[in-house]
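S.K.: Sequence:
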Amino acid sequence: MKQRIAALLCACGLLLTGCGAQQEQPAPTAQPSPTAQPVIQDYPWEFAWQEGDIEALKTPCERQGTVVTVEYDTPAYAVNDLLGKDETLHKRLRVYLPYGYDESRQYNVLYLLHGTKYPGDGEMEEYWLDQWGEQTLPVLDNMIDQGLCEPVIVVTPTYYSRVEGCPLGSEQVEKLARRLDDRYISGQGKGDDREQNIWPQYFGQELRNNIIPAVEGKFSTYAGGDTGEESLIASREHRAFAGLSRGSMTVCRSGLTQNADIIAWFGSYSGAWQEFDAMKEALEGEFAAYPIRFWYNGNGVGDFALPNHEEFRDLTLEQMGDRFVDGENYAFVTLTDGAHRYESWIADLYNSLLVFFR
Numbered sequence: 009m010k011q012r013i014a015a016l017l018c019a020c021g022l023l024l025t026g027c028g029a030q031q032e033q034p035a036p037t038a039q040p041s042p043t044a045q046p047v048i049q050d051y052p053w054e055f056a057w058q059e060g061d062i063e064a065l066k067t068p069c070e071r072q073g074t075v076v077t078v079e080y081d082t083p084a085y086a087v088n089d090l091l092g093k094d095e096t097l098h099k100r101l102r103v104y105l106p107y108g109y110d111e112s113r114q115y116n117v118l119y120l121l122h123g124t125k126y127p128g129d130g131e132m133e134e135y136w137l138d139q140w141g142e143q144t145l146p147v148l149d150n151m152i153d154q155g156l157c158e159p160v161i162v163v164t165p166t167y168y169s170r171v172e173g174c175p176l177g178s179e180q181v182e183k184l185a186r187r188l189d190d191r192y193i194s195g196q197g198k199g200d201d202r203e204q205n206i207w208p209q210y211f212g213q214e215l216r217n218n219i220i221p222a223v224e225g226k227f228s229t230y231a232g233g234d235t236g237e238e239s240l241i242a243s244r245e246h247r248a249f250a251g252l253s254r255g256s257m258t259v260c261r262s263g264l265t266q267n268a269d270i271i272a273w274f275g276s277y278s279g280a281w282q283e284f285d286a287m288k289e290a291l292e293g294e295f296a297a298y299p300i301r302f303w304y305n306g307n308g309v310g311d312f313a314l315p316n317h318e319e320f321r322d323l324t325l326e327q328m329g330d331r332f333v334d335g336e337n338y339a340f341v342t343l344t345d346g347a348h349r350y351e352s353w354i355a356d357l358y359n360s361l362l363v364f365f366r
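Start counting at 1 in the sequence shown, then tack on 8, and there's your number in the working numbering.
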């Protein structure tokens with residue numbers, strides 16, 4: 009049944025409160041007012057259009073998945089490139105295994121990112137499955153139990169790869185921005201806080217070379233234990249990548265622009281902050297032979313990231329209509345009560361899983 013939602017006629021104030029796991033802080037320096045009337049599409053999927061639409065799924069499920077930790081080593085790609093170092097990091101990530109996980113069957117995998125870390129936040133690889141696990145885990149369990157999505161492995165790494173004694177600051181930000189001719193890297197934040205803009209550009213190497221091999225060499229996925237490039241390309245339709253806020257920025261940069269040959273499904277929650285031409289050039293050039301199966305985009309009426317996201321949506325649909333068709337392999341959901349917060353992002357995760365791997 010198609011879902012029809014009436015347009016809202018209200019304007020919400022900027023959400024600038026809360027620095028912890030509950031509330032992301034704005035990535036851009038400017039803080040434009042959110043669009044008063046969201047664009048509502050009549051989609052063929054039963055998407056959540058309000059945060060409360062998935063409330064019933066947050067109750068514990070009888071058949072529950074498990075969460076485990078995977079450790080791995082990775083080059084410190086950003087530090088090594090921008091400072092001329094040769095550093096290696098030992099990192100960890102969290103993995104949700106669905107109820108009844110069975111080594112004899114193959115599973116789809118969703119790589120799911122957090123957003124910006126602020127003082128007082130915990131380890132960011134724990135954002136989804138630990139800090140907010142009391143809500144995320146039941147939603148995953150219940151969606152699988154009710155047949156709303158296939159059993160899926162969910163992996164939550166962190167894009168942060170800081171090296172003690174090797175700080176990255178404004179000098180490195182400007183160096184990277186000039187190299188890429190990228191206004192979003194140079195224009196967000198103040199002073200050395202702009203270091204936050206570096207990680208989304210470099211995470212793609214770690215994802216491809218270190219994270220995916222560590223996960224899919226250990227668990228039963230469609231890669232079949234073979235994490236070589238040919239195998240990852242062949243199994244791309246069983247791999248998704250999504251993230252919120254700066255994690256969404258990372259999806260656009262490190263996913264769509266760098267790894268579309270090994271990932272076919274994408275989710276952007278709250279913003280894009282990518283130079284559109286860079287993504288377009290990659291998808292129509294290096295990755296022209298690799299269609300994107302679905303790109304879900306989610307935002308909220310009260311989210312400061314909405315104007316940026318809408319601008320990117322319009323460019324995508326206007327200039328890449330041969331690759332992205334709204335209602336076919338693309339969706340843009342504006343939650344009518346949404347904001348830059350977990351309650352919106354878990355609704356976006358729900359919506360993503362309705363369309364991923366179909």
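In short, the hints are calculated from the structure, not lab data.
Owing to the predicted nature of the structure, the values given are computational and were not obtained by experimental measurement.
Heads up, a few of these hints could be off.
Unchecked claim - Taking CB as the label site, the calculated pair distances span:
| no. | residue 1 | residue 2 | range |
| --- | --- | --- | --- |
| 1 | T77 | R113 | 45 to 55 angstroms |
| 2 | E179 | I241 | 41 to 51 angstroms |
| 3 | S112 | S178 | 14 to 24 angstroms |
| 4 | P68 | E319 | 35 to 45 angstroms |
| 5 | I241 | P52 | 42 to 52 angstroms |
| 6 | R366 | K93 | 36 to 46 angstroms |
| 7 | D322 | A297 | 36 to 46 angstroms |
| 8 | V333 | G195 | 44 to 54 angstroms |
| 9 | V76 | L188 | 33 to 43 angstroms |
| 10 | E79 | G177 | 41 to 51 angstroms |
| 11 | D330 | G141 | 32 to 42 angstroms |
| 12 | S112 | Q72 | 12 to 22 angstroms |
| 13 | Y126 | G329 | 30 to 40 angstroms |
Just so you know, even glycine gets a beta-carbon here, dropped at the ideal spot from N, CA and C.
S.K.: Now look at each hint and say whether the structure bears it out.
M.R.: Now the hints, each set against the structure:
no. : hint                            : verdict
1   : T77 - R113: 45 to 55 angstroms  : violated (23 angstroms)
2   : E179 - I241: 41 to 51 angstroms : violated (37 angstroms)
3   : S112 - S178: 14 to 24 angstroms : violated (52 angstroms)
4   : P68 - E319: 35 to 45 angstroms  : holds (40 angstroms)
5   : I241 - P52: 42 to 52 angstroms  : violated (29 angstroms)
6   : R366 - K93: 36 to 46 angstroms  : holds (43 angstroms)
7   : D322 - A297: 36 to 46 angstroms : violated (26 angstroms)
8   : V333 - G195: 44 to 54 angstroms : violated (31 angstroms)
9   : V76 - L188: 33 to 43 angstroms  : holds (36 angstroms)
10  : E79 - G177: 41 to 51 angstroms  : violated (29 angstroms)
11  : D330 - G141: 32 to 42 angstroms : holds (41 angstroms)
12  : S112 - Q72: 12 to 22 angstroms  : holds (21 angstroms)
13  : Y126 - G329: 30 to 40 angstroms : holds (38 angstroms)
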